[in-house]
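Protein chains: 2
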Amino acid sequence: MTVGGLSEGELLARIFPRLHGGNATRDAGTLLLGPGDDAAIVAAPDGRTVISIDTQVADQDFRLEWNNGYRTTGYDVGWKAAAQNLSDINAMGARATAMVVSLTMPEDTAIAWVEDFADGLSAGIRELGAPDCAVAGGDLGRGRELAVSVAIVGSLDGHAPVLRSGARPGDILALAGTVGRAAAGLALLESDVPVETLSPEQRELLDTQCRPRPPLAAGPLARRHGATALMDISDGLVRDGTRMAAASGAVLDVDPAALTALAAPLRPAAVLLGADALEWVLGGGEDHGLLAAFPARAQLPAGFTAIGSVKDPAPKDSTGVTIAGKPAHTVGWDHFAD
Amino acid sequence: MTVGGLSEGELLARIFPRLHGGNATRDAGTLLLGPGDDAAIVAAPDGRTVISIDTQVADQDFRLEWNNGYRTTGYDVGWKAAAQNLSDINAMGARATAMVVSLTMPEDTAIAWVEDFADGLSAGIRELGAPDCAVAGGDLGRGRELAVSVAIVGSLDGHAPVLRSGARPGDILALAGTVGRAAAGLALLESDVPVETLSPEQRELLDTQCRPRPPLAAGPLARRHGATALMDISDGLVRDGTRMAAASGAVLDVDPAALTALAAPLRPAAVLLGADALEWVLGGGEDHGLLAAFPARAQLPAGFTAIGSVKDPAPKDSTGVTIAGKPAHTVGWDHFAD
Numbered sequence: 001m002t003v004g005g006l007s008e009g010e011l012l013a014r015i016f017p018r019l020h021g022g023n024a025t026r027d028a029g030t031l032l033l034g035p036g037d038d039a040a041i042v043a044a045p046d047g048r049t050v051i052s053i054d055t056q057v058a059d060q061d062f063r064l065e066w067n068n069g070y071r072t073t074g075y076d077v078g079w080k081a082a083a084q085n086l087s088d089i090n091a092m093g094a095r096a097t098a099m100v101v102s103l104t105m106p107e108d109t110a111i112a113w114v115e116d117f118a119d120g121l122s123a124g125i126r127e128l129g130a131p132d133c134a135v136a137g138g139d140l141g142r143g144r145e146l147a148v149s150v151a152i153v154g155s156l157d158g159h160a161p162v163l164r165s166g167a168r169p170g171d172i173l174a175l176a177g178t179v180g181r182a183a184a185g186l187a188l189l190e191s192d193v194p195v196e197t198l199s200p201e202q203r204e205l206l207d208t209q210c211r212p213r214p215p216l217a218a219g220p221l222a223r224r225h226g227a228t229a230l231m232d233i234s235d236g237l238v239r240d241g242t243r244m245a246a247a248s249g250a251v252l253d254v255d256p257a258a259l260t261a262l263a264a265p266l267r268p269a270a271v272l273l274g275a276d277a278l279e280w281v282l283g284g285g286e287d288h289g290l291l292a293a294f295p296a297r298a299q300l301p302a303g304f305t306a307i308g309s310v311k312d313p314a315p316k317d318s319t320g321v322t323i324a325g326k327p328a329h330t331v332g333w334d335h336f337a338d
Numbered sequence: 001m002t003v004g005g006l007s008e009g010e011l012l013a014r015i016f017p018r019l020h021g022g023n024a025t026r027d028a029g030t031l032l033l034g035p036g037d038d039a040a041i042v043a044a045p046d047g048r049t050v051i052s053i054d055t056q057v058a059d060q061d062f063r064l065e066w067n068n069g070y071r072t073t074g075y076d077v078g079w080k081a082a083a084q085n086l087s088d089i090n091a092m093g094a095r096a097t098a099m100v101v102s103l104t105m106p107e108d109t110a111i112a113w114v115e116d117f118a119d120g121l122s123a124g125i126r127e128l129g130a131p132d133c134a135v136a137g138g139d140l141g142r143g144r145e146l147a148v149s150v151a152i153v154g155s156l157d158g159h160a161p162v163l164r165s166g167a168r169p170g171d172i173l174a175l176a177g178t179v180g181r182a183a184a185g186l187a188l189l190e191s192d193v194p195v196e197t198l199s200p201e202q203r204e205l206l207d208t209q210c211r212p213r214p215p216l217a218a219g220p221l222a223r224r225h226g227a228t229a230l231m232d233i234s235d236g237l238v239r240d241g242t243r244m245a246a247a248s249g250a251v252l253d254v255d256p257a258a259l260t261a262l263a264a265p266l267r268p269a270a271v272l273l274g275a276d277a278l279e280w281v282l283g284g285g286e287d288h289g290l291l292a293a294f295p296a297r298a299q300l301p302a303g304f305t306a307i308g309s310v311k312d313p314a315p316k317d318s319t320g321v322t323i324a325g326k327p328a329h330t331v332g333w334d335h336f337a338d
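Sequence lines, in order, name chains A and B.
Read in my numbering, the first sequence has 142 at position 142, and its numbers run on one by one without any break.
Read in my numbering, the second sequence has 132 at position 132, and its numbers run on one by one without any break.
Just to be clear, a hint being listed does not mean it is correct.
[To be verified] Short derived list, chain B residues pointing at chain A, Cβ under 10 Å:
id, residue
1, Gly36
2, Asp37
3, Leu103
4, Asp235
[Said to hold, decoys possible] Sample of chain B residues lacking proximity to chain A, with all beta carbon distances greater than 12 Å (derived):
id, residue
5, Glu127
6, Gly138
7, Pro313
[As the list claims (entries may be wrong)] Some chain A residues well away from chain B (every beta-carbon gap over 12 Å; in silico):
id, residue
8, Gly36
9, Asp38
10, Gly69
11, Glu115
12, Ala123
13, Glu201
14, Gly226
15, Arg243
16, Ala264
17, Ala270
18, Leu273
19, Gly274
20, Ala275
21, Ala302
22, Lys316
23, Pro327
Hint data in this document are derived by calculation from the structure and do not stem from the laboratory.
Note that this is a predicted model, so its numbers are computed, not measured.
Glycine included, each C-beta is placed from N, C-alpha and C at the ideal position.
Construct the entire structure; sequences and hints are all you get.
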C-alpha cells in the first residue's frame, strides 16, 4: 500500500502515534501546543530559541539502494534526520526542545516506509539522548524524489552559546565522538563488497553512515567545562576545522599521533577497499563528531580527546588547519564543488 | 552560470547580502545570532516560540513553465515561501520573528535564479508586512528537482494563541483577505490562454497564485478583537472550514450572499475558461486568506468581512461546513487524494 492512496490527514494519522516517544515530554512542558493547528508552540524558557534546518535528498545525501546491495530503510532516514539536526543544537551547547518535519515522497512510496521513517525519527531522538525534543508538527507532500527537511529548535537555558569563533591561541583542540567512520561506511556502501559478507566491525561502519550517533551529551558538557569554541563536524575535520579557524582568526594544529589513533580502527576496511584510512579521518564528516577548543589548563570533560592545539597564525599566514605545522589539504564533502 | 560551479559557501555569499531586507531588524534585537554558526539564535521574549514548516516542490506545488507560457521566477518561489509561512504564524495571532530556509536545486539551476529567489523571499517578508522576521540561516543542497522548505518561528508576545478549536455556536464567521483568486490564477496558468493576452485583472489573478498576499496584520488584530478561532485557508474554504468545525465541535454555516459576493470578481475569468467561480471560492486555498470566528456582538476589525455564523451541530449530525444549512461538498486541494 502506497502513500498515493491516502489523504494527508490519513497519512498523518498513521505517523503521529509513532512519534509518541518523541512527544513523551509533552508532559514536561516543552511542547505547549502540539501538531494539529497552523503552528505549534514550544517553550523557550530563557527567552531565546536556537534554530537550524537540514535537508536530506534521495540520490544526493543517500541512495535508496546502494551498490553493495544495502537498501536504505525509512528507519535509517528518520534516524539520520534526527541525528544531524540534534547535532547542530548540541554544537551550540544547547538542549533540543522540538523539531518540525517536512517529508516529500513519490506517490509510490510504501506506507510502511513512512511508518518506518517515523519510528526511526522517534528512536533517534530517544536513543541519542534528547528526551526533551518533541516532534511539534510537519508537512507531507508529493515529489518525484524522496526528501526530508527537519527544522529544530533548542534552549540555551540561560547560558551563553558556544560559538565556532571563540578558539584562542593556546587552547586545547579536542574531539568528542568519532570522525571517518561514516566515510568508511559510505565507501563500503559504494563498494562491490556485498552487504551480507561484511564483518560485524564493517557493518558498524556502514551503520555509522546510515544511523550516525552524534555525542549529544558532549555539547552542554563542553559548555559547562568552559569550552571556548564548539562545532559539529558534518563536512569533515579539515573542512569544518578550517571554518572554525577562520571564524576564530586562528590556526588549528592537529597532532599526527591523534590522527593515527583515529585511523587505526578504520585500517582493516581501508585495506579491504584499497582506500586511505587517514583520508576518511581528515575528510569524512557524517559521524557528526564535535570539535571543541578548551582553555589550556582545562581538564577535558568525559568523552573528549585532545587532538591538537590552537595557535596564532604566523605573520602574513592565513588561518587554517595544520598537521604538525604543515597545511592540511584534504577536504571534506561539499554540496556543490569538489 | 549555474550553481554547479560554486561551493555552498560561495553560493551563500551571493545570497546573504540580498536577504539584508529581511535581516534589517537584527538591530531591533529579534535575531540574536545570525547565519554562520551551527545554528542561529532568535529572541523569544515571552518564553514561547510558535513554529511551523512548509515545503514547495517544483512540478507539484508549482510548474517552472506553465501551460499558458508563464515561467515561474525565482522571485515568485521566494515570495510564495515567505507568504505561506508567514501566514501560518499570522493564523495563530502571532508575530513572525525568523525563518530558516532550505533550498534544494538541480546542478543546472542558474545562479541568477537563486539570487532572484533571495530577492523574492526578502521582498515578501518586507512588503507583506513582517518587519521583525529575519532570515536566520539555511541549507543549500543539490537534488533532481527544485524544492524549498522554510521553517518559521514567531512570538505571541505574552498573549494566548488563537486556535482553530475555539469557534462557538453563535459566533460570527468572518474572512480576511481573499479566497478563490489563486485558484482562478492557477486555472489561467493551466489554460491555453497565452499569458501575454491576459487583461490586467486576469494578470492579478495569476499573480495571486504566484505571489499570494496573505493579510498579515489581520492575525494579531483578530486576536486583539477577541477572535475565538483563527485559521489560514491554505487548502480551501470548505476543506479548512471543515477542519475548524471539527476542532471546534461546531458547524460553520456560510451565507450564500457572501459567497456570491466573493465569486463576483472572478466571473469574467470563469466565463473565459468555462469554469465555475463559486468552485474557486469554495475550493481554492492558496490566497492564504484568514478564516476567523468572533463573538456574536463583536465589532469586526478592519479587513474582516462576515461570511456566516457558527452553529451547534443538529443532534446526531456531524460537524462541518454548510451553506445556508445545506452540507457543502466541494473540497479543496489535498496533497495525496482527490
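Structure-based check of each hint:
no.	hint	in the structure
1	Gly36	holds (7 Å)
2	Asp37	holds (5 Å)
3	Leu103	holds (9 Å)
4	Asp235	holds (9 Å)
5	Glu127	holds (21 Å)
6	Gly138	violated (6 Å)
7	Pro313	holds (20 Å)
8	Gly36	violated (7 Å)
9	Asp38	violated (4 Å)
10	Gly69	holds (23 Å)
11	Glu115	holds (15 Å)
12	Ala123	holds (21 Å)
13	Glu201	holds (30 Å)
14	Gly226	holds (18 Å)
15	Arg243	violated (9 Å)
16	Ala264	holds (28 Å)
17	Ala270	holds (27 Å)
18	Leu273	holds (25 Å)
19	Gly274	holds (28 Å)
20	Ala275	holds (24 Å)
21	Ala302	holds (22 Å)
22	Lys316	holds (23 Å)
23	Pro327	holds (18 Å)
Of the numbered hints stated above, those contradicted by the structure are hints 6, 8, 9, 15, listed in ascending order.
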